[in-house]
Amino acid sequence: MKKKNLLPWTLALMVLAASCSKDDVNPGGPVLSPAQGVYVLSEGSSNNATLGYYSLSSNTLTGNFYQQQNPTQAGLGSIGNDMTIYGSKLYIVVNVSSDVVVVNAATGTFIKRIAFKEGSTNKEPRYAVGAKGKVFVSCYDGTVAVIDTTSLNIATSIRVGTNPEEMALSGDNLYVANSGGLNFPNYDSTLSVVNVNSLTEITKIKVGINPQSVTADDQGFVYVSCTGNYGSIPARLVKVKISDRSIAKTADTAAGRIRYYDNKLWVTGGYIGLPYVRTLSTADFSQTRANFVTDGTAIATPYGLDIDKQNGDVYVTDARDYVSSGQLLCFDKTGRKKFAVNTTPGVIPTKVAFNR
Amino acid sequence: MGPQVPVTGFLRHCPPKADGKATKLKASQKTCLHHFIAELSGERLAGFIRFAGTLLLFFTFLFLFMIPLTRYIANMGRMAVVVILAGLITTYASAQAPDTLSPVNVTGTVRADTVLTTVLVQRFDKKEWIQFNSLSVADVVRFFAGTLVKDYGGIGGLKTVSVRSIGASHTGILYDGVPMSDAQGGQIDLGKISLDNLREVVLFNSQPPALLQPARAYASAAVLSLRTSGDQADSTSATAGIRAGSWGFFNPSLTLRHKANKHFSQSLNGEWQQADGSYRFDAYEQDGSRAKRNNTDIKALRAEYDATYRFNYTSRINFKAYYYSSHRGLPGEVILYNTRSRQRLEDQIFFAQAGWQKRIALKSRMAINAKYQYYYNRYTDPDFLNAQRFLENRFFQREGYLSAAYTYEFNHILSAAYASDFTFSSLRRSDAYTENFPSPDRHHFLNNATLKARWDRLDIQGNILHTYLQDRVKAGNTPRILRAYTPAIAASYQPVAAWPMRVRFFYKEIFRVPTFNDRYYTLVGNTNLRPEYVRQYNLGVAWASRDFSNRFTWSASVDAYYNYVRDKIVAVPRQNLFQWTMLNVGTADIRGIDAVLYGNKKWNEHWRTSVRLSYSYQRTLDITNPSSPLYKTPLPYAPAHSGSGNVSVYYGKYTLGYNLLLSSYRYRQGEPIRENMVEGFLIHDVSLARTFAYRGQQRIRAIAEVNNLFNTNYEVIRYYPMPGLQFRAGVSVDF
Numbered sequence: 001m002k003k004k005n006l007l008p009w010t011l012a013l014m015v016l017a018a019s020c021s022k023d024d025v026n027p028g029g030p031v032l033s034p035a036q037g038v039y040v041l042s043e044g045s046s047n048n049a050t051l052g053y054y055s056l057s058s059n060t061l062t063g064n065f066y067q068q069q070n071p072t073q074a075g076l077g078s079i080g081n082d083m084t085i086y087g088s089k090l091y092i093v094v095n096v097s098s099d100v101v102v103v104n105a106a107t108g109t110f111i112k113r114i115a116f117k118e119g120s121t122n123k124e125p126r127y128a129v130g131a132k133g134k135v136f137v138s139c140y141d142g143t144v145a146v147i148d149t150t151s152l153n154i155a156t157s158i159r160v161g162t163n164p165e166e167m168a169l170s171g172d173n174l175y176v177a178n179s180g181g182l183n184f185p186n187y188d189s190t191l192s193v194v195n196v197n198s199l200t201e202i203t204k205i206k207v208g209i210n211p212q213s214v215t216a217d218d219q220g221f222v223y224v225s226c227t228g229n230y231g232s233i234p235a236r237l238v239k240v241k242i243s244d245r246s247i248a249k250t251a252d253t254a255a256g257r258i259r260y261y262d263n264k265l266w267v268t269g270g271y272i273g274l275p276y277v278r279t280l281s282t283a284d285f286s287q288t289r290a291n292f293v294t295d296g297t298a299i300a301t302p303y304g305l306d307i308d309k310q311n312g313d314v315y316v317t318d319a320r321d322y323v324s325s326g327q328l329l330c331f332d333k334t335g336r337k338k339f340a341v342n343t344t345p346g347v348i349p350t351k352v353a354f355n356r
Numbered sequence: 001m002g003p004q005v006p007v008t009g010f011l012r013h014c015p016p017k018a019d020g021k022a023t024k025l026k027a028s029q030k031t032c033l034h035h036f037i038a039e040l041s042g043e044r045l046a047g048f049i050r051f052a053g054t055l056l057l058f059f060t061f062l063f064l065f066m067i068p069l070t071r072y073i074a075n076m077g078r079m080a081v082v083v084i085l086a087g088l089i090t091t092y093a094s095a096q097a098p099d100t101l102s103p104v105n106v107t108g109t110v111r112a113d114t115v116l117t118t119v120l121v122q123r124f125d126k127k128e129w130i131q132f133n134s135l136s137v138a139d140v141v142r143f144f145a146g147t148l149v150k151d152y153g154g155i156g157g158l159k160t161v162s163v164r165s166i167g168a169s170h171t172g173i174l175y176d177g178v179p180m181s182d183a184q185g186g187q188i189d190l191g192k193i194s195l196d197n198l199r200e201v202v203l204f205n206s207q208p209p210a211l212l213q214p215a216r217a218y219a220s221a222a223v224l225s226l227r228t229s230g231d232q233a234d235s236t237s238a239t240a241g242i243r244a245g246s247w248g249f250f251n252p253s254l255t256l257r258h259k260a261n262k263h264f265s266q267s268l269n270g271e272w273q274q275a276d277g278s279y280r281f282d283a284y285e286q287d288g289s290r291a292k293r294n295n296t297d298i299k300a301l302r303a304e305y306d307a308t309y310r311f312n313y314t315s316r317i318n319f320k321a322y323y324y325s326s327h328r329g330l331p332g333e334v335i336l337y338n339t340r341s342r343q344r345l346e347d348q349i350f351f352a353q354a355g356w357q358k359r360i361a362l363k364s365r366m367a368i369n370a371k372y373q374y375y376y377n378r379y380t381d382p383d384f385l386n387a388q389r390f391l392e393n394r395f396f397q398r399e400g401y402l403s404a405a406y407t408y409e410f411n412h413i414l415s416a417a418y419a420s421d422f423t424f425s426s427l428r429r430s431d432a433y434t435e436n437f438p439s440p441d442r443h444h445f446l447n448n449a450t451l452k453a454r455w456d457r458l459d460i461q462g463n464i465l466h467t468y469l470q471d472r473v474k475a476g477n478t479p480r481i482l483r484a485y486t487p488a489i490a491a492s493y494q495p496v497a498a499w500p501m502r503v504r505f506f507y508k509e510i511f512r513v514p515t516f517n518d519r520y521y522t523l524v525g526n527t528n529l530r531p532e533y534v535r536q537y538n539l540g541v542a543w544a545s546r547d548f549s550n551r552f553t554w555s556a557s558v559d560a561y562y563n564y565v566r567d568k569i570v571a572v573p574r575q576n577l578f579q580w581t582m583l584n585v586g587t588a589d590i591r592g593i594d595a596v597l598y599g600n601k602k603w604n605e606h607w608r609t610s611v612r613l614s615y616s617y618q619r620t621l622d623i624t625n626p627s628s629p630l631y632k633t634p635l636p637y638a639p640a641h642s643g644s645g646n647v648s649v650y651y652g653k654y655t656l657g658y659n660l661l662l663s664s665y666r667y668r669q670g671e672p673i674r675e676n677m678v679e680g681f682l683i684h685d686v687s688l689a690r691t692f693a694y695r696g697q698q699r700i701r702a703i704a705e706v707n708n709l710f711n712t713n714y715e716v717i718r719y720y721p722m723p724g725l726q727f728r729a730g731v732s733v734d735f
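The listed protein sequences correspond, in order, to chains A and B. Residue numbering for the first sequence follows my numbering, beginning at 1 and increasing consecutively. Residue numbering for the second sequence follows my numbering, beginning at 1 and increasing consecutively.
Excised from the complex, chain A in its bound form (with noise of 0.2 angstroms):
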């Protein structure tokens, strides 16, 4: 039945994916085409990863689409931590089976699985973010791997801080963020810039305590949210200035995931934050609003946070309770609600992925 309803778009994709030149993603400012549909990958409990696919012309969720266009593969593995689209292909980081998974973003079909290995040690990916026809993915052994996306192999990996998790593109440099999460206590509280013509760690800038969530704008600055010790250190939220790598401001706020768009900085709570998701002021991260809602929709565990750059809208996962099937949810960019769809069977909704 939900085949049937995808086979138009697929159809339409596959024909205008052919008719783009390949991994030719420019960072600085795109002209981005609108959204024919959008992927969710949810995280799942344990070997439940799961890629699901919303189409926006048929308004419909086909909860299980890698399954659906994969049926001989046994399912995406353990953890489905994060994706991204570059060029043609969506490559989907699965932390705990250890590798990446490269299926063709148009379709959804199943290209490549990449063992994400040093030796036979897992190098456990967390992030990644495509550039220069590379997709840098960050690892949880202190690496940024780079994936050479025409061999789809790993072709070198980049020695940065402890633990690394998010990072965010800025000129030719990658800032990720070292959260030494699995050093406690002693964590890590910096931020690794890498070149990503280089391939080499330029430098590493002191944030603050556990930095997980990067983001940066377009007037040469990079975001950071550092999550603090869980104890005596708060979380604090801290903008840097990339022309001279120094602290522009910081404020103690928890902040989960952080994403700029329209001169502000969209903000999710995280654990020890507030329910809601945020808009601040990057100039001096005062709360232009403490909950971008209007319409009143109330988002029970607001965990992912992405936004189409090119309409504005915003979209946030429902966690809900981390066991049961989560919700992907959307608004508009003045906070009312366009959708809100249930993940089923996807557990832990944590990123979306535009289809254009």
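It is worth saying that the hints were derived from the structure and are not from the lab. Incorrect hints may appear among the rest.
As the list claims (entries may be wrong) - Below, a sample of chain A positions facing chain B; criterion: calculated Cβ distance under 10 angstroms: (1) S58; (2) N59; (3) T60; (4) G63; (5) S120; (6) G231; (7) T294; (8) G296; (9) T297; (10) R336; (11) F339; (12) A340.
Stated by the list, open to error - What follows is a set of in silico ranges between Cβ atoms, one per label pair, in the way DEER data are often shown: (13) S151/A to R428/B: 48 to 54 angstroms; (14) K474/B to A248/A: 37 to 43 angstroms; (15) R389/B to A74/A: 25 to 31 angstroms; (16) L523/B to A248/A: 29 to 35 angstroms; (17) N625/B to K241/A: 43 to 49 angstroms; (18) K299/B to I233/A: 40 to 46 angstroms; (19) T478/B to A298/A: 31 to 37 angstroms.
What the hints assert, rightly or not - Which bits of chain A does chain B cover? Going by a derived footprint, with three or more residues having C-beta under 8 angstroms, they are: (20) 241–247; (21) 279–293.
The model shown is predicted, which means the values in this text are computed figures rather than measured ones. Glycine residues also receive a C-beta, built at the ideal position from the N, C-alpha and C atoms.
Here the structure of chain A is known, so what remains is to put chain B in place on it, guided by the hints.
Just chain B, lined up with the frame of chain A:
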């Protein structure tokens, strides 16, 4: 029958009132109080008490059970099945039971003592479980009705028991009458308790109906009582045994017994277990391919020393020292596309316990128990991606325990008991995470008063338990002191004097206290946790019978229950899945039926068969949050139907055992959707044993076992595949 299994069934009703016992007791009264109470027990007062008791029972029943019961009938209609079944049994029995069958006769091998009780009591002894292809207590407990043994697979895999879906932390364990505990994790791994030195495993729903027992025996929702053979040295002798089997299983054991004189005896039992355990299973990644379990090896040593001193018939002292040490791999769950597994666990348990039981006077008894326990565990993960690329957790637990219990029989109807327990436990760690670790000390006081009345055909027992629990910490927040009173009441009634049948009821309210891990686990623990409460209601009927020649004995029981669990302590992830915290979220509504049928038929002097069947139906509902997708869905891993069968055929020196275990499908945590389904299973085991003569007696015993006969690929816990077809053989010799 173990001495701790109380004779509360109609066995006790055998002595007629005029057998002189009561008169003798009267004659022995020495104090005014005794006389006063003896006078109270006059015919009129007895009648009044009986009337009041009946009234009490009626109202208790009405208030505590009928309300949920009527709701149950209205909602589900399933209780009707029990009622009809009970009716059918009654009708059948009334048609069949000969009037000449006197309860007095029922004293033979039929287990009236464990059947016609106020609570469901299920029991296996060594002779039985030898046919069960069993190694650890977990392998025996899984055959009991209403139990769910969470088995993570293999010899070294964790095995815990949850009774009637209340949760494994609610099952108390008594080892020779003294509580075993793990204040850190709260759940005892039954896989670590070997059957080699045990003679009896008994599961009590609610609590054991005995009077002379520690207060801790009242402090759980169900009690698993394990009795060792340690005090059974009635001669100076030895037994040596050896077993070997699939996947490198090797298990020698030795028992030495010494009886010095009529007062003193001692015994020493030791056992070594090892296995590589790397069994094969159907791979999850690809249909038809097979994968192998990794990192499943185990080496374990256990030694137990027992000494018993009997002063005379009224007083005795038992002493036990227990040591267990193991090194094992923790294979963990199977992770798709990732076979790496290198986590290890080492642990050492030592405890010494002593008990003194004394009959102070004809009507009063006391028991004093003391215990010291030391528990060390070390967990390592050489793949952990911290700076050292190595994770090590080392924990030490110490526990001191003191218990005194006293019982007094006012007359042949009324008796009372008082028990007082004090437990001191502490948790320390010595690894990279000692800084800011709370290093908790726990003072746990329990006081329990029980009142028991028994007439010929009616038993009523009620108790009230007081808990005082205080933790002291060296860092972080100090939890609030916990003070609580929790009651329990149980009754059984024999509707027709001539029938060996009892209708029974119990109600119990109890909680489990947050464990050290719940409260203090680094970054995860929550010092604000409240205890996890459970209310249990049970209504059942039991029958125990045999024919005159003692050739055919049988018993049957059906119990319907309703459990309400609130403030369940649940681990909830924080921002990411690497940060969890413990919260009191969870309310569960559990309703079910447990049925047990046992029959033993001696066909002639060569042939004997025994059959035991159990069946459990349950309907579990998560009623935590009406707005959650999980609202009114089944609890994780609770099957609707489960059951077991044990058939033993004895022919001269041969014994053939056949065992069956079944479970309907279940769901892992999450919604009841296909993706979360764990398929049901039906597992068959067979064994053949025979004895051989040595120096003129049957002293050699050999056994061959085939487990999982049809090589069924199954899971108890999702992604923990269970072993397939396996063989074991063993021989033991008595010297």
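Enumerated hints in conflict with the structure, sorted upward = As far as the earlier hints go, 1, 2, 3, 7, 8, 9, 10, 11, 12, 20 and 21 are violated by this structure, in ascending order.
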